[in-house]
Every structure is written in C-alpha cells, then in structure tokens.
Amino acid sequence: MLVLSFIAASCVLGTLVKQQAPPEEYLAQFSESTYAILRFLRLTDVFHAPWFLLLIGLFVINLVFCTIDRLSRFLKSAREKKLPNEKTLSAMSQAFLLSGTRVEEVARLFKGYRRAGVYDNGQVLEKGGISRYGVYVIHGSIIVILAGSLIGLLVGFQGYLTLAKGQTSDVAARRGAMQAAIPLGFAIRCDDFKVDFYPNGEPKNYMSRIAIIDHGQLVKEAEVRVNHPLSYKGTSIYQASYGSNPVFRLSVAGKEVQLTQGGVYRGDGLTLMAVRFEKSVHNFGPGVQIAYMEGTETKTTWLLRDVPAMREKEIVGLPVRLDDINEDFFTGLEIAHDPGVWVVWAGFALILFGLFVNFYLYYRRIYLLQTPTGVLVAGTSPRNKDAFKQEFEKWRERLNGPK
Amino acid sequence: MDLSSKILGVVTLLYVCLFFLHLVYFATKKEKALKAVWLLLYVTFGLHTIGLAARWIESYSLGYGHAPLSNYYESLIFFSWCIALILIIMRKKLNAPIITMCAGLAALFFIGYASLSPSVDRRIQPLIPALQSNWLHVHVFTCFIAYAAFAVSFLCGLLYLFRGRGIIPSGERLEEINYQSVMVGFPMLSAGILTGAVWAHYAWGAYWAWDPKETWSLITWIVYALYLHARFARGWKGTKIAVLSIIGFASVIFTYFGVNFVLSGLHSYGAS
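Sequences listed follow chains F and Y, in order.
86 is the number of the first residue of the first sequence in our numbering; add one for each residue after it.
1224 is the number of the first residue of the second sequence in our numbering; add one for each residue after it.
None of these hints come from the bench; they were simulated from the model.
Here the structure is a predicted model, which means the values were calculated and not measured.
Yeah, the Cβ is synthetic: ideal placement off N, Cα and C, and Gly gets one too.
Please note that a few of the clues may not be correct.
What the hints assert, rightly or not - Simulated DEER-style distance windows between Cβ atoms: (1) Y:LYS1253 - F:ASP154: 22 to 32 Å; (2) Y:TYR1265 - F:ASN485: 26 to 36 Å; (3) Y:ILE1273 - F:PRO288: 29 to 39 Å.
All chains should be modelled from the sequences, with the hints used to inform the complete structure.
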C-alpha cells in the first residue's frame, strides 16, 4: 500500500513538471540551479527514471507476495467448511428457524446454491464462489499488463516520420532529438496525401496513401487515416499529423522564380530570401516575408497574395510580384512496433473479467442445521450485506410460505 | 434557440423543482413526497435524455454528426445526466433522501454552469479527426459513470463528518452507500481507462503515453484502489474511509477539470 501511495505521489510530480521538453523550455520557467536539481532527480522525465522503474519493480514484488500469501490463506479457509454450532448460527444477523422439517428438504429448495459441505447434522450451501477469485484475477492481470509493457519497453520502439508526396524512407526518427534513427526493415512511400476541411476551416479528416516496399518489392498499398492505422510485420503506421511546405512563385523583373521557405534568389544584382510564411497576415490572406539586401543593410517586406496593392513591390528598383503560393502538404506518420501489445490486451480482458466477477457477483453462504424442533437456516455474505439481506428475506418468506 | 437547448433549459428547471420537492419531504416526512421525488427524478432524467438525443440529431443537421460528448459544454451536460443515471441505478441502495438531494443539486450545478457560464462555448462544433471513433462513446460513458458514482461516494464521505445530525443518516448507512458507490465506480473507471488505452493505441500509436489526463486517471484509480484495500485488507472504517473518499473525488475533479485548464496534453479537447 505504501508503495502504491509512492507511485501515486510520483505520478503527481510527473504531471506538475512538463515531461521530456527541450532544456530551453525548462530554463525559461525555472532558474538554472532548480533545473539542475530537476535534471538530477530526473523530474523532467519521471516515468522513465530509474527510480520510478524501481518503484514499479517493488510494487510488482509486493503484489506477487501479498497475493500469494492471501491466496494460500484463502485456499486453506475455503477448504474448511465447518458447520458452526447452534448458538453461533442463531446469533448471526440473518437466521430463522423452520420447524418440523428436515435439512435435505430445505436444501433442495435453495436453487442456484451449491452444496459445499454435507454433515450428519446439516449442510453448508454456497453461491457466487467464483467472485472470491476475482481479486486474484485482478492482481494477476496487473502483472500481465506490466509484463506486456515491459516487452514493449525492451524490444519495441516508437518513432515518427514525415514524408512529402512521392518521398520514401526506411528509417523513423526517435522523439527527443540527438538519438539515432530507427531502421524499419522496410521502406514506406507516401503516394498521396489529402486533407478534408469542415466549412469553418478545421480539419475534418486527413489521410495518406502509403506503399510498403520490402526488399525492393511493393508488398502493400493502403490508406492510413486518423484512428485507422496500417500494420505491417508487427509495425504499425499511424496518421498522426500533417504540415505543409509552401512554395512561392514570384516574378522578379518579369522572370519566374520559385522559392521554398528559407530559399535564396540571386540575380540582376538582387539578393532575396523567403523568410516567413503566414497563412493569414492580419486577415488579409496568405503572405510571405521577403528579406533583401539594400547596400549593406538587410531589410524585410511582406508580399500578400490576395491584396493587389501588396502583391507587387519595388525592391531595390526591380518589380517583384507574388504570383501564387502552393502548399505542398507532407504527412506526419507515427511508427510504432510493440510486440507486447497483445499481452497487454490479454491483461485488459483478464482484468475486466476479474473486476466483473469481483464487483458484480458476490459470495454468500447458507448454513442449514438440524435441531430437535426443525431446521435452523442462517446465512452470511461478507461483501454485500444489503443485497444479501434482501435475498435472505425472500428465502424466509418463500420457505415459510406454505404454512 | 434550438430545440435541444430549450429542452435542457426545462431540465435545469426540473432539477430546481427536485431540490424543492426534497425540502417538502424533509418538512413533512410524508412517504408520498418521497414517491413524488423519485417520479420527478425519472421524468427529469427522461427529458434530459431526450435533450441529449436532440443535440445529437441537430449535429447531423449541421453536417457534423457526432454524439454530444465532444467538448466541455457537452461533457458537463453529460456528467449531469450520469449523476441522475447513477441515482436511478442505485435507487435500492440509496435509502437516504439527503444523498439524492445533494446529488440532484450537483447535477443542477453542472447543467446550470454549462448553460449559463459565459466562458462555456455552447455551439455544436465539428469533431476533430482523432475523436472520430466508436471508442469515444464507450470511453466517455464508462469514465463519466465512474465520476458520477464517485460523486455519490464523496457526498457520503462528506456527510459522514456530520453523521446522525438531523436529516443526515447514521454513519453505518453512509459507509455502506459510500462503499456501494465505489463498487460501481471502480470497475467503471477501470473500464474507462482500459478503453481509453485501446483507443489511444489506434489513434495515437501508444496505449499509454503518460499524458496528464492518463496519469491523473491512474492516480484516481490508485486512490480508489487504496480505498478498497484499506477497507478490506486493513479493515479501515469511519472517518478514515470518509476522508479517503473525499481525496478520491478531489482527484476525480482534478482529472476532469484541473487537467484541462492547468495542464496541457493530448486530451485538451474538453477545455474548449
């Protein structure tokens, strides 16, 4: 329990400090010495820090031993189904006496109950016995889930890939810069990319046509949409994001020039650079910021495509006109390989089953004891007293009914 | 104003009536008043359901076509609906009118805040691609039923501190209701986290990414797991359990609201 509390506390820390952000971002928020402390304690990446993994390890060990301990005690007590004596039974909160009948007759009336113990002087009946195993199923499946995630951690990988139309790549980049690219073992080619928009300009859906090329052979062609990934050889390809590379078509002194962002044009004694692209410049539509040299001085100006007066400007004596901006979309794909995912799914199914059994079914036991005057009926349910009380009242009415 | 907003406006008024009907019951202590309370709750819940359905249908006429579970306003309305639903589900166990009154007030608060606050955008908005999935329904439903059940547990915990006074029932009664509601909430929260993980696997490429919402739902889950273990393994009772259920609900509130407004992450849809 203590370990679980510690895990909860470290999770809180992990959400308070932004995780895995670049150092600059932390330095903007904290002082340099605070950042050094955060880094030392790995608070910038709590969930991958050795101490956090250690905590999870401790938790697993704890869980295993507690469960085994409890299970062995439970199995021992479950085997013992002794019939308590008359005094104990009549003291139970749910008990009544049926006079003039025999245990066998009463036992037959308890439909849905299993005979757990038959003695000379009475019987023990039970129902919902499976619910008592729910807790072990839940604990076991938590271990299965953690094992599955460990497999993913050890042999899986996660990366991303951006591809323009027609581009091919056989490696994915790892998140967190400065890390080696991940070879995929096959190549992905982006054949097409499409975005649909809602009338208000928000993206409705975006999708890529992807081709998988393995050892020089085209093996698969498919469409990847958000929420609809493609899987090949255990590696999944997700549509994660998109972006665009604007291409600016300019005419400089009547000559057609194409510039990408950051591209430089030199000619006619003029040096131009497309510095910045904005989809909407003060609501006047798309535009590009151009930097140029006037003498030894660098100057900038904006050209707007949809505003005639701002479309053409004279730069160092030469007319420069923005004819069009083509946006070349590129697709952002998330690449994940996680052989442990099926283990995790199995754990999920198991835990749902365990939770259902544990919380929606409940165990109850009925004791029938032969006494000189009749049969003493008593019952208990450790987990769901209310519901059992109601059920027991019904039994009482039904058994007393005919008389 | 469109039809769904009108219906939900009436529903808000009905929640107000529900509160006053409770007061009538407490003043007269007549069984008839209690029967009327439950009847009104059923009617309110029914109309609330119709209001949600109308909004769903209206989203189709706007060309979006999605369940009303996609933004902050819709989540508040839905949360309010879930509180009413949990009261109906737990009716047999909730033989304490003070709890139905307080929970009804909570439902009123959320639907009222959603309808009146100027900071809540009430328009039907298009659904961003990541949310276009059938997992949305089951994920949101399980999570919010869990939140509503925990709200009942929280009320029991809070009332426990004033147990036995006036109209507040005995400590044992409150403890039993508290425990019953966690019995509903805990498996639902687990199911919510699991369906979220499966969905995340298909939408984001990883079933667990330590996104703040995910992490906080795990924290909430751990708190309620501690609650159950404290009760069963350690035999905790009384005030300690009541405090745990208050802490648990504080964590729920932070998972629901805090994460949206304080922390940023993949789950930021609910904030706008």
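Regarding Y:TYR1265 and F:ASN485, is the given constraint of 26 to 36 Å on their beta-carbon distance met? Holds: the Cβ-Cβ distance is about 34 Å, inside 26 to 36 Å.
Satisfaction of the hinted span 29 to 39 Å by the C-beta atoms belonging to Y:ILE1273 and F:PRO288: holds, 32 Å
Does the Cβ-Cβ separation between Y:LYS1253 and F:ASP154 fall within 22 to 32 Å? Roughly 54 Å apart at Cβ, these two residues miss the hinted range, so it is violated.
Of the hints listed earlier, the one the structure fails to meet is number 1.
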